[in-house]
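Q: The lines below spell out each chain.
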Amino acid sequence: MARVTLTVNDRQVTLDVHPGERLVDTLRDRLGLTGTKEGCGVGECGACTVVVDGDAVNSCLVLTVQCDGAAILTVEGLAPAGQLSRLQRAFLEHGAVQCGFCTPGMLMSATALLARNPRPTREEIRAALAGNLCRCTGYEQIVQAVEAVANEAE
Amino acid sequence: MAAERVKRARYVGAPAQRVDGFDKVTGRAVFGADMSAPNMLWGQVVRSQHPHALIRAIDASAALACDGVAAVLTASDVPGDIRFGVVVPHQPVLCSDRVRYMGDGVALVLAETREQAAEAARLVKADYQPLPAVFDVEEAMRDGAPLIHDDYPGNVVVHHRVRKGDVEAGFAQADLILERDYATQLVEHAYIEPEAVLALPGRGGGVEVYGSIQNPFSCRRAVARVLGLPLAKVRIVQCDMGGSFGGKDEVMSAMSARAALGALLTSRPVKMVNTREESLVESYKRHPYRMHYKVGVTREGRITAMEIRMVADAGAYASQSPFVTWRSTVQATGPYEVPAVKTDILAAFTNNTYTGAMRGFGAPQAVFANESLMDEIALELGIDPVDVRRLNGYRQGSVTATGHKLDEHTVSLMEVIDRATEAAGWREKRQRLPLENRGKTIVRGIGMACSFRGCSLGAEGVDATGAIVSVQTDGSVIVSTGLAENGQGLRTIFSQIAAEELGVDIGRIVFLPCDTSGVPDGGPTVASRSTIMGGNAVRDAARKARRALEDAVAQELGVSSEEIEAGFEEFSAIGDRTLRVGFDQAVAMAWNQARLMASFGWHQAPKVNWDEHVGQGKAYFTYVYGCQVAEVAVDTATGQVRVERLTAAHDVGRAVNPQAVQGQFYGGMAMGLGYGLLEEVELKKGATRTKNFDQYLIPTAMDVPEMIPIVVENHDPYGAYGAKTIGEPTCEITAAAIANAVAHAVGCRVRELPLDMERVLLGECLRVARGERGSERP
Chain A
1 MARVTLTVND RQVTLDVHPG ERLVDTLRDR LGLTGTKEGC GVGECGACTV VVDGDAVNSC
61 LVLTVQCDGA AILTVEGLAP AGQLSRLQRA FLEHGAVQCG FCTPGMLMSA TALLARNPRP
121 TREEIRAALA GNLCRCTGYE QIVQAVEAVA NEAE
Chain B
1 MAAERVKRAR YVGAPAQRVD GFDKVTGRAV FGADMSAPNM LWGQVVRSQH PHALIRAIDA
61 SAALACDGVA AVLTASDVPG DIRFGVVVPH QPVLCSDRVR YMGDGVALVL AETREQAAEA
121 ARLVKADYQP LPAVFDVEEA MRDGAPLIHD DYPGNVVVHH RVRKGDVEAG FAQADLILER
181 DYATQLVEHA YIEPEAVLAL PGRGGGVEVY GSIQNPFSCR RAVARVLGLP LAKVRIVQCD
241 MGGSFGGKDE VMSAMSARAA LGALLTSRPV KMVNTREESL VESYKRHPYR MHYKVGVTRE
301 GRITAMEIRM VADAGAYASQ SPFVTWRSTV QATGPYEVPA VKTDILAAFT NNTYTGAMRG
361 FGAPQAVFAN ESLMDEIALE LGIDPVDVRR LNGYRQGSVT ATGHKLDEHT VSLMEVIDRA
421 TEAAGWREKR QRLPLENRGK TIVRGIGMAC SFRGCSLGAE GVDATGAIVS VQTDGSVIVS
481 TGLAENGQGL RTIFSQIAAE ELGVDIGRIV FLPCDTSGVP DGGPTVASRS TIMGGNAVRD
541 AARKARRALE DAVAQELGVS SEEIEAGFEE FSAIGDRTLR VGFDQAVAMA WNQARLMASF
601 GWHQAPKVNW DEHVGQGKAY FTYVYGCQVA EVAVDTATGQ VRVERLTAAH DVGRAVNPQA
661 VQGQFYGGMA MGLGYGLLEE VELKKGATRT KNFDQYLIPT AMDVPEMIPI VVENHDPYGA
721 YGAKTIGEPT CEITAAAIAN AVAHAVGCRV RELPLDMERV LLGECLRVAR GERGSERP
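Going line by line, the protein sequences match chains A and B.
If you read the first sequence in this note's numbering, its first letter stands for residue 1, the second for the next number, and so on.
If you read the second sequence in this note's numbering, its first letter stands for residue 1, the second for the next number, and so on.
Isolated chain A (complex conformation) (with noise of 0.2 Å):
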């Protein structure tokens, strides 16, 4: 067991982790942050991403160890009172959401990408959410909603 401290969606944690445990279990069966999905295991479908010192990583590829002292961002940090962000609420103006199993993955793909470029281009777009597999929407009101939080930026 080693003891790893992680910042998760602004609250300090420490826990004893299984050097093989993978960050998306770590999230998802001990901390019960059950918003961050895994679709695939193998880092194909990005249904698992969430942000880790502001880079969006597939976290059923990552080992809870490899990321002691890190800042990570899930799906449940996005809303933290319930005030939904900007992007949550574009995402629901523009039917961005069928099943929402990819959502979570979708979201926080496009929260690093936009951290890092508040105006990406429709292509960067694009190129930004292609690791993360969407069976219901054919990808459009996705990349439109984006776009939208793009275009409203300085």
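Quick caveat, the hints were computed from the structure, so don't treat them as lab data.
Among these hints, one or two may not hold up.
Under 7 Å between C-beta atoms, here's a sample of chain A residues computed to sit facing chain B [unchecked claim]: (1) E44; (2) E76; (3) P80; (4) F101; (5) T103.
Yeah, the Cβ is synthetic: ideal placement off N, Cα and C, and Gly gets one too.
We have chain A; now place chain B onto it with these hints.
A: Here is chain B on its own, set in the frame of chain A:
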């Protein structure tokens, strides 16, 4: 009153945000794998090691000795019938004596943790005696082929026939006869959420199952049958669903029955979650078809006769094969008037992964063939593909190949063809692109396809569904239905309809998850039937609830109920607008008058009929029409196809929620694009080789093109507020349109899906799955 209410609709036809949207963007939505219970066990299925074998013995002793293992269950532990099935109840939930494909389960390990269960499952030793297996559907039907089910001679699951007119006479009248073979591939639904359930011991010896269950009532029948329990003791509650597309039916019945068996026998909750690899191995797929078409046409392009033979690979179990192939019989000729038709469609068992319902349900295969064929006719005769379709296409009063005169709804085929092709700039591009392509490596093309599609179940079977609208004493409203949310937006559509009919703010409405113990069996959520069937049931329930409130207000005001008019959030006396009562006040009046404020709605589909000997009848009570145009660029050096633009026109009857309808357009086209270009489940001697999304490729945000949705609305008298169907039509024609565009670009035709690089460049499949058939080298 009805017409007037529609005219001033507030919610029907207006934008409305998803009622489950907040939960889904905040991570609060609860999917199957998010469920857990104190003291729960994890279940792990042990699957077959052979595509076809007898089971001599199962030795679980090593598994039972592992840490944390509570039990290892086999077929002998099943208290009821081990077999279930929607059409033919012959699929074992755990196999007792024989396995028929590599996804079959032979044992269930229950352990304290998921890891312990998976570890112990590897130690369960089944002793198999391999049997001869068959993986090719034509071979399966030959004399001497191994029989997959002893009661199905020749392995034939079903044989549908259509006999209309004199086919020989029709061919004799033709100036040109074409014969073509087409083939489609095995395809995975690829819902992003893998299958998951949590089963709990229930009251009175029953069970409760929560999970990613598309059809809770079908699932309940399977669980009750396997456990030997009455339906009333089995409660199935649907969780939020991470996509289904027809795919979470039988595979969920099996998983639910296994978990429920574990819960019943151990008296502890049992959770099961498939890995993606398990999902790809066990879950059923879309049928691969082989299709032979013979068509006769006059010099002008008029079709005189068609002879069609299709064979679908059913895999190991019947599942929905009889119904899937039946829908193909209706759509086999496409939306064209054909005076003489002879169609034979068969499904046959093999030892491949079984096939069943998937978005389109027997249509995408037939549409790929018949719409490729229409372009081949056009090419042979030197006619524009649009013109050959306009010449033969259904118009008001046309009679289908299966003998249904289309006169009860607006036959809008010409309208959707015109709208889509005009928006795409068809005529100009069709002429210009070939000229521009000369000498180029990257060549461009434009192609189109269209279809008609029967709404709901049609003559497949009983078609009725219900809804409950319950007005609470504070004016909030609970709605529940027997149809279920799979991600498509049913909760929102039904909330809009309930709000519309009740005349209340949509914010009053709370939509409950589908609970088999809370609402009557409303049939499966399939066949794009939710809005047209369930919408009518919700409307019926809401109308009855509104009438109860009108009666209460009338009594209070001392007028007759006929003199009360329901407005938005209020009731008033007709002719005296000063007598107005707010909705909350009306609820209080009804409560004080001890009135029932909950109501049950029920909707039965209009009558249909079918003569299976000749394949003639009124197959569906209404139809929708759609047309899509694809614009592609093909790299002739690599064979790679890039779709640059898709334009789609679909008649939906009425768009209850225009944004959600557009979402169905985009999502259906993207799935159709994957079918056309990328997707293929590869099996080698029954073993799945495409085991995860690194090998089974579905479109990403980088693969989808510009998509232009054109929503056509011809209100249908049988629709819910005129609304019909959109889920499947958008998905079933895209691949055919892309194939036609590729043929236009490169000047030769690929008659086999998917149009991946090797099929386009070399005209053959280099991988293991199939190959050799139906393609020409460029």
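Q: Does the CB of A:F101 sit less than 7 Å away from some CB of chain B?
A: Status holds, d = 3 Å.
Q: Holds or violated: is there a CB of chain B closer than 7 Å to the CB of A:E76?
A: For A:E76, the interface hint holds, since the closest Cβ of chain B sits about 5 Å away, which is under 7 Å.
Q: Any CB of chain B closer than 7 Å to the CB of A:P80?
A: It is violated, given that the least Cβ distance between A:P80 and chain B is near 10 Å, above 7 Å.
Q: Is the interface hint for A:E44 satisfied, with its Cβ closer than 7 Å to some Cβ of chain B?
A: The hint holds - A:E44 has a Cβ within 7 Å of chain B, the shortest such distance being about 4 Å.
Q: Please verify that hint: A:T103, Cβ, nearest Cβ of chain B, below 7 Å or not.
A: At about 5 Å, which falls below the 7 Å cut-off, the nearest Cβ of chain B leaves the hint on A:T103 intact, so it holds.
The structure shown violates just one earlier hint, number 3.
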